[in-house]
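A.B. asks: Quick note, the sequences are listed as chains A and B, same order. To convert, note that position 112 of the first sequence is 139 in our numbering; the numbers rise steadily by one, no gaps. To convert, note that position 31 of the second sequence is 411 in our numbering; the numbers rise steadily by one, no gaps.
Don't take every hint at face value.
Claimed, not checked - Calculated pairs, DMTMM-like style, for lysine to aspartate or glutamate (alpha carbon to alpha carbon, straight line, at most 20 Å):
id: 1; chain 1: A; residue 1: 100; chain 2: A; residue 2: 79
id: 2; chain 1: A; residue 1: 277; chain 2: A; residue 2: 249
id: 3; chain 1: A; residue 1: 58; chain 2: A; residue 2: 40
id: 4; chain 1: A; residue 1: 167; chain 2: A; residue 2: 199
id: 5; chain 1: A; residue 1: 277; chain 2: B; residue 2: 403
id: 6; chain 1: A; residue 1: 58; chain 2: B; residue 2: 418
To be clear, the hints were calculated from the coordinates, so they are not data collected in a lab.
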Amino acid sequence: MLDSTKPVRIGIEGVSYSLTHVPDLVRFGSKPLRELRAQPALGAELAKRLRDFAAATAYAPHQVYIGNIAPEKLRDLPRPWYEKLIEGATAQGRFGDLVDQAKFYALLAGADQFNLVSFEEKWFQAQAAAHSIGRAPRFKPLSEIQNLCDKGALPLHSADQLVGAFESAHEEDASLAAEVLLENLAGKVSAAHSLRLVLDSLNLNPDDIDFVISCSEEAVGDRYNRGGGNLAKAIAEDAGCGNAAGCDVKAFCAGPMYAMVHGASLIQSGVARKVAVVAGGSLAKLGMKFESHLKNNMPVLEDVLGSFAVILSSAMPNQPCMRLDSAAFHPVRAGAAPQAMAEYLAEKPLARLGMKLTDVDRYAVELHNPEITVPSGSGDVPRTNYLTLAALAVMRGLIEKNEMTDFVRTRGMLGYAPTQGHIPSAIVYLGHALDALRSGTIRNVLFIAKGSLFLGRMTQLSDGCSFLLDRNEL
Amino acid sequence: MFKGKKIIAIGERDGVPGPVIAECLEGAGYEVVFQATECFV
Numbered sequence: 028m029l030d031s032t033k034p035v036r037i038g039i040e041g042v043s044y045s046l047t048h049v050p051d052l053v054r055f056g057s058k059p060l061r062e063l064r065a066q067p068a069l070g071a072e073l074a075k076r077l078r079d080f081a082a083a084t085a086y087a088p089h090q091v092y093i094g095n096i097a098p099e100k101l102r103d104l105p106r107p108w109y110e111k112l113i114e115g116a117t118a119q120g121r122f123g124d125l126v127d128q129a130k131f132y133a134l135l136a137g138a139d140q141f142n143l144v145s146f147e148e149k150w151f152q153a154q155a156a157a158h159s160i161g162r163a164p165r166f167k168p169l170s171e172i173q174n175l176c177d178k179g180a181l182p183l184h185s186a187d188q189l190v191g192a193f194e195s196a197h198e199e200d201a202s203l204a205a206e207v208l209l210e211n212l213a214g215k216v217s218a219a220h221s222l223r224l225v226l227d228s229l230n231l232n233p234d235d236i237d238f239v240i241s242c243s244e245e246a247v248g249d250r251y252n253r254g255g256g257n258l259a260k261a262i263a264e265d266a267g268c269g270n271a272a273g274c275d276v277k278a279f280c281a282g283p284m285y286a287m288v289h290g291a292s293l294i295q296s297g298v299a300r301k302v303a304v305v306a307g308g309s310l311a312k313l314g315m316k317f318e319s320h321l322k323n324n325m326p327v328l329e330d331v332l333g334s335f336a337v338i339l340s341s342a343m344p345n346q347p348c349m350r351l352d353s354a355a356f357h358p359v360r361a362g363a364a365p366q367a368m369a370e371y372l373a374e375k376p377l378a379r380l381g382m383k384l385t386d387v388d389r390y391a392v393e394l395h396n397p398e399i400t401v402p403s404g405s406g407d408v409p410r411t412n413y414l415t416l417a418a419l420a421v422m423r424g425l426i427e428k429n430e431m432t433d434f435v436r437t438r439g440m441l442g443y444a445p446t447q448g449h450i451p452s453a454i455v456y457l458g459h460a461l462d463a464l465r466s467g468t469i470r471n472v473l474f475i476a477k478g479s480l481f482l483g484r485m486t487q488l489s490d491g492c493s494f495l496l497d498r499n500e501l
Numbered sequence: 381m382f383k384g385k386k387i388i389a390i391g392e393r394d395g396v397p398g399p400v401i402a403e404c405l406e407g408a409g410y411e412v413v414f415q416a417t418e419c420f421v
């Protein structure tokens with residue numbers, strides 16, 4: 028950790044966000060895949076509860092995600108958000124876009140260098156071809172596609188229609204099975220799409236990027252190198268960043284925070300001038316809570332892949348910046364109790380900067396959409412995290428107990444991110460944070476993300492990483 | 381309340397983690413036979 032009285036700031040040039048709506052891939056999410064194998068009849072019930080693209084676009088949390096609605100407005104909007112759709116909502120947002128499934132299929136085909144995916148030509152030409160970039164799509168007659176699926180390829184549907192197949196790359200290597208490779212390629216193309224968006228929005232030449240860091244969650248590799256990674260370089264290639272090298276930074280949901288710290292450190296050290304931090308969506312998490320949604324007669328809300336891309340470079344005057352000297356990590360000895368997390372990721376790093384918990388205008392925490400998580404009994408995750416911070420402020424005598432609700436309301440927000448793991452973990456707020464810092468609505472934001480290391484069964488530890496954003500006022 | 385019972389403690393990442401529940405209960409003299417933490421998001 029930097030120990031200097033002079034702030035160390037790294038400029039955030041911009042960020043883009045995208046949501047890829049893939050209702051017909053929900054069945055390939057880890058949970059639906061398992062449950063539908065056990066109870067095939069659930070498939071029809073699931074299909075009835077899938078949203079169309081218009082409904083996914085007009086869903087208020089998605090409009091917040093792509094920048095068309097400020098997060099603080101969300102609490103004023105009538106609920107349930109999946110019924111009270113936003114009139115006149117568009118798929119284009121100030122920070123990015125929503126991508127429909129046909130375009131996503133075109134992106135998959137264009138990014139496939141190993142003949143994994145094939146489509147029926149007539150459907151593709153009518154529905155997807157307009158979005159084609161990269162490699163020419165592979166076409167097969169429908170009978171051959173059906174034959175491939177009968178032999179184990181994943182069927183790609185457009186509503187009820189079989190339109191393509193996704194094959195495995197090796198008969199005996201579970202790491203190269205069709206399910207795994209579809210996850211990996213979906214991560215690659217959704218991240219590359221967000222990277223292209225941010226490059227376009229900043230009018231940057233892709234060749235200006237020195238280094239790409241991917242914090243996508245997929246374990247890319249074969250059986251000898253499961254999780255070997257460097258999806259970053261594949262993403263850089265797909266987005267045309269010919270001068271960029273890259274590598275992956277992973278830490279469960281805290282990955283994006285670590286990736287930002289690593290990217291900022293490359294710039295501060297002079298190793299790189301312009302770094303892209305990117306992540307693609309997690310296909311495995313599609314439909315993770317679909318059973319609760321079916322039980323509650325709701326649409327299956329986990330039908331989108333989230334992605335983002337951030338461009339970091341040297342700080343400019345008045346630019347919103349990341350305070351590299353504020354970066355904080357959760358040490359092994361800290362323990363996993365919520366209070367310890369709040370102390371190590373908020374209180375202690377703020378104290379290093381001469382600040383208290385109440386000197387932070389806004390906290391970005393795990394911003395999972397409660398409409399997705401509450402019906403399944405997982406609770407309102409952001410609220411729990413904000414209450415922990417507020418409770419710590421009470422314990423330190425910074426606020427009264429009866430001011431906790433006000434602390435949560437003024438320094439927090441409702442969650443609006445799909446349950447995509449790394450995507451909701453604070454980083455989802457970066458676009459709105461840049462807006463609020465530029466407009467002067469807030470002076471600073473503390474980003475805090477946590478990682479569930481115990482899920483990998485290697486340690487019982489939790490993890491976390493945080494940093495402060497402010498404006499480089501000279 | 382848990383006297384003589386064997387305890388399985390399931391904690392939650394954004395709530396109270398398994399090891400913390402186990403430590404509290406063991407400190408109070410109870411037998412925790414299994415503890416784990418899960419992440420539900």
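A.B. asks: Against the earlier hints, flag every one the structure doesn't satisfy and list their numbers going up.
C.D. replies: 1, 3, 4 and 5
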